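There are 4 protein chains.
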Amino acid sequence: MKRIAVLTSGGDSPGMNPAIRAVVKKAIYHGLEVYGVYRGYEGLMDGDFRRFELKDVGNIIHRGGTILRSSRSERFKTEEGQKVAIDHLQKYNIDGLVVIGGDGSYRGANALHRKGVKTIGLPGTIDNDINGTDFTLGFSTAVNTVMEAVDKIRDTATSHERAFIIEVMGRDAGDIAAWAGLATGAESIFVPENITAKDKMIDRLNKGYERGKKHSIILVAEGIGTAEEFASYIKEKTNYDTRVSVLGHVQRGGSPVAFDRILGATLGGKAVELLMEGVSGKALGLEKNEISIYDYEYVFKEKPKHPIQVLCNLAIELSI
Amino acid sequence: MKRIAVLTSGGDSPGMNPAIRAVVKKAIYHGLEVYGVYRGYEGLMDGDFRRFELKDVGNIIHRGGTILRSSRSERFKTEEGQKVAIDHLQKYNIDGLVVIGGDGSYRGANALHRKGVKTIGLPGTIDNDINGTDFTLGFSTAVNTVMEAVDKIRDTATSHERAFIIEVMGRDAGDIAAWAGLATGAESIFVPENITAKDKMIDRLNKGYERGKKHSIILVAEGIGTAEEFASYIKEKTNYDTRVSVLGHVQRGGSPVAFDRILGATLGGKAVELLMEGVSGKALGLEKNEISIYDYEYVFKEKPKHPIQVLCNLAIELSI
Amino acid sequence: MKRIAVLTSGGDSPGMNPAIRAVVKKAIYHGLEVYGVYRGYEGLMDGDFRRFELKDVGNIIHRGGTILRSSRSERFKTEEGQKVAIDHLQKYNIDGLVVIGGDGSYRGANALHRKGVKTIGLPGTIDNDINGTDFTLGFSTAVNTVMEAVDKIRDTATSHERAFIIEVMGRDAGDIAAWAGLATGAESIFVPENITAKDKMIDRLNKGYERGKKHSIILVAEGIGTAEEFASYIKEKTNYDTRVSVLGHVQRGGSPVAFDRILGATLGGKAVELLMEGVSGKALGLEKNEISIYDYEYVFKEKPKHPIQVLCNLAIELSI
Amino acid sequence: MKRIAVLTSGGDSPGMNPAIRAVVKKAIYHGLEVYGVYRGYEGLMDGDFRRFELKDVGNIIHRGGTILRSSRSERFKTEEGQKVAIDHLQKYNIDGLVVIGGDGSYRGANALHRKGVKTIGLPGTIDNDINGTDFTLGFSTAVNTVMEAVDKIRDTATSHERAFIIEVMGRDAGDIAAWAGLATGAESIFVPENITAKDKMIDRLNKGYERGKKHSIILVAEGIGTAEEFASYIKEKTNYDTRVSVLGHVQRGGSPVAFDRILGATLGGKAVELLMEGVSGKALGLEKNEISIYDYEYVFKEKPKHPIQVLCNLAIELSI
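Protein chains in written order, with my numbering: chain D, 609 to 928; chain X, 609 to 928; chain U, 609 to 928; chain R, 609 to 928.
Note that these hints are calculated values from the structure, not bench results.
Worth double-checking, as some hints may not be accurate.
One copy or two, it doesn't matter: identical chains are merged, so the pair holds either way.
With a Cα cut of at most 30 Å, we get these calculated DSSO-like pairs of lysine-lysine [claimed, not checked]:
#1 K896 to K815
#2 K843 to K808
#3 K909 to K610
#4 K815 to K663
#5 K610 to K878
#6 K896 to K822
#7 K663 to K806
#8 K896 to K699
#9 K878 to K723
#10 K821 to K843
#11 K913 to K878
#12 K896 to K843
#13 K878 to K808
#14 K911 to K896
#15 K822 to K663
#16 K909 to K808
#17 K610 to K911
#18 K911 to K845
#19 K723 to K896
#20 K685 to K843
All figures in this text were calculated on a predicted structure; none of them were measured in a lab.
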């Protein structure tokens, strides 16, 4: 292993830059050459490569997004696309590739691995929806971003005695909603993982109002419905003053929190070590507070078993 | 003047609490008694008063929203409503009232003033849309909140080479959009004050892309249209990848920045001084970095003349 | 179990309030009565108790410090002191006590447990120096606070081409220094756990300067020496421009990050459950991402085995 | 005017980068060429110049410090030093120079101006100690940084019932102490501008404790003494538990707040306009919320007349 490359793919997440930095610095520290590949698999197919030196990753550890930029690629799902990419890698004599991204990115990394390119995958997504890791790169930052937004909204909810329905990211996974909900004392949390009866929310709202709680916060992961839908339901069943907020893309950005920087450093460093040992086809993560190493196939096999329901139940007990 | 009261009315803003704290502490410092009136004019009509001691405003200087809560009141616009309120004030022997709120709140304060209740108005609104002051209480915090959100969105805009259209508060006033736009290097800013030709935005987008600028931020004050409308226009005229974000209620919250805390302290303190001198019917503000004191009528006469256009023009020059 | 109490003891940490909130709300949810004990064991001996209702823990989840206030108590180490405390608990018919604090606080909780008072301990300290848990309540917030401060100092270090020596908390444990150092790309980290040769720091400084790196950040945990001592050493051996910063008490404060709020909720909730089951004499924590439950004796037996050295080594590799 | 340059000098401040960005972008927008001069006057004498394009100031508006780096230069105070600098400027055909810095930097700019180089000065310092402007670039950010630190320290002060003495920057000017003190509800503020009797602080401490206020915050600008000195004084006169914190270099860093970004944009833009009009020898600022333009000599004539005492007095009234 003389020369490796790194790319970021799929939705960007805060934590990608610390991971890129770790891959580049660790590799150079151990005498390897490193290439940055721009715009994910698109750049891999276009040959959009650049030799990275230490200074290229200077001053990025605290920056959100990804300096390598990212993309989603349909073309790379084809045999043709993969062939072109492999040709580029061979032309540059690149022996190993670190792929930072979500589930879709891992599928691309697996395809390359099966065709003989050594690849290691790092879980870069805010959604925490990757099997084999308790936490993905960027998830903790996103949770804190949502938490700070909800803290602000609670200011105004309290001032006006309103019920706020706040929609957060999470198409398939309720992790952001559950964590942020528990962290902000949300009165109800709705996640894609289970169909909580909406009528219980109304019960809790009513009971809260009876006890003198004049405002409440309801968190909704986008995968279970829109904030507007939940607001309509409340308006239909009660006469409480409701407001809706869709947090949107702000959730993807921001300077990574310490945990994501350290996770990026740890997994980025480990990826280089594994490539140097000739390992390929593995997805890294953090499980039970230790680095986890799984075959891509294992990761694809099922959804992660995060304790979403436990967190939501606790949030409800603690929001009386 | 032995006994005064304070209320907050209309949309809450971060800066109200520092102002409440200043009114209460300054009054007690000078031997007055102070009452907090809850829920704005609604509480004034309901007799929802509470005697405030120093400890009631302890630990609130850094909190968003308003501990007095707020409301909008149709009832108080009637003679009947005002009469009831004045009865309550008389029952409590309250000689002066500090009203913290926006334009509508000032109209209520003016009505009371004309009927013999001594009132002083403080400009509490994030919108910066009050005549006679360069800055309202909460505006600076809101601008910084928007700025931080846009900084985060730029992370992801840069990572994906997208045009982001971000909708911010401002029904009649473009101050938040203009300030936050200039502060974040926005490529285009749309405000209610003038009809900027949308086609120039397309020109700038195209020129930016030609120069290699693959992402851009467009700020839209809600009063000039929705972010969705602007996104549709861009999609119609170009093939750039666009995304929309509506920042929403998060803009009203958050711990007040230093400027708003100091403005609250300064104006709150001055309001008490004026009431002690027997002054009534005045709206306070900060103009040319000094406390301004105007009759309510002056404030109602016209819209504020803030240099929105100057800021927007500068933003455009600096976003090439 | 009908009636429980909760106290915070030792140095305050951000995460204590979310834990207090969880204890109180969980208890009330399950029909118990709860008392807050003020000023730690001092208040326990003085009978400084107050019945807590839901509203007493409203709006505290996001606040640093501890609403119960804290203290260090010599008096409670005596038989006499403990006897007085137990008398107060009996007078109030309090059957169980949740103690939130560090190692010293656990010793007090253990003494009470041995004398028949049911106690559960939660690890409330920023230092992360408690055996049997991977993370203490407040540690994550402290790391992020240090990280943000170092990020700011790096701005000025870069602008002036200086070596900054930054002293952080940690008398016996280097966890804060190691985590924050890795999260900020520090060039050297000194911790109490091992005597790193100072001359290697000089080597790295020299090599960095040769490679064009004109500034560097050196993190020092207070337990291994003062920042001034390290600065003197550098000045003696090199002619680099150095500056010193002692972060100080700011490290204890601040709104808890999401992780500390969730840890507080989880452990606080669990503590109540255990007391309801009649369990006593246990210290709770989070190990391998699951709640850990140990006898106090186990916790006292040895120092925690956190991977400080691994983090420091990685930081050095990644700071080339 | 075809070609201009920009440098930053003296202590760095958050607001320098937005000003650099504005100078570069405005100049290029109007068809000028721009050079960045590194390391202030040192770089000017060393010919450390680089042609700047738009991309060189991309993504810097939100960054603290100065991308041009800064220095303090003794050499430039000599005729010889100035001659070498002018030679470099002539070699590059640079017609105008924007100098961003404090009082000392203005003296250099004035020397160049007298020798025929067109210069415009922008007030870049966190200290707010420049005559002719109400606010310097970076001051507002520094005030907010101090405010956030004090907010955090108050968490722990409250939790332990302590008096905290906090030392902030300000050798000659108490602006940071006064603003941050009023913004955080500090109980006492000591500034270089006047010798407040220390015994009054003791009086206030005692009275506060009698009223039940068990903690207090005392802000000390470094120019009036060290925090340690004030702590010793308190310990001598009372038996309160005191703690000391020296905020240090963190005050210079951080992402600029909106106000500093807008001030940088406005003054940077104006500097280019003036140079294009052939103006030289002027210091820009913001006075009474409008751009101020003064001869350097005016600025040197006296200390700024900021209402430090008014703010300190108000802070004391409001901290009862």
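Hint by hint, here is what the structure shows:
1. K896 to K815: neither (38 Å within a copy, 37 Å between copies)
2. K843 to K808: within (15 Å within a copy, 42 Å between copies)
3. K909 to K610: Result: close neither inside a copy nor across copies, 33 Å intra and 47 Å inter.
4. K815 to K663: between (58 Å within a copy, 14 Å between copies)
5. K610 to K878: Cα proximity of K610 and K878: one copy only (16 Å, versus 51 Å across).
6. K896 to K822: So K896 and K822 fail the 30 Å test inside a copy (40 Å) and across (39 Å) alike.
7. K663 to K806: between (53 Å within a copy, 26 Å between copies)
8. K896 to K699: Close neither inside one copy (40 Å) nor across copies (44 Å); limit 30 Å.
9. K878 to K723: within (23 Å within a copy, 50 Å between copies)
10. K821 to K843: within (18 Å within a copy, 45 Å between copies)
11. K913 to K878: The answer is both: 24 Å in one copy and 21 Å across copies each meet 30 Å.
12. K896 to K843: Answer is neither: 43 Å inside a copy and 44 Å across each miss the 30 Å cutoff.
13. K878 to K808: Between copies only: 24 Å across chains, 46 Å inside a chain, cut-off 30 Å.
14. K911 to K896: both (17 Å within a copy, 20 Å between copies)
15. K822 to K663: between (54 Å within a copy, 12 Å between copies)
16. K909 to K808: neither (34 Å within a copy, 47 Å between copies)
17. K610 to K911: So K610 and K911 fail the 30 Å test inside a copy (36 Å) and across (41 Å) alike.
18. K911 to K845: Cα proximity of K911 and K845: none, with 35 Å in one copy and 41 Å across.
19. K723 to K896: neither (32 Å within a copy, 36 Å between copies)
20. K685 to K843: Close across copies (27 Å), not inside one copy (45 Å); limit 30 Å.
Consistency note: the structure conflicts with the earlier hints numbered 1, 3, 6, 8, 12, 16, 17, 18, 19.
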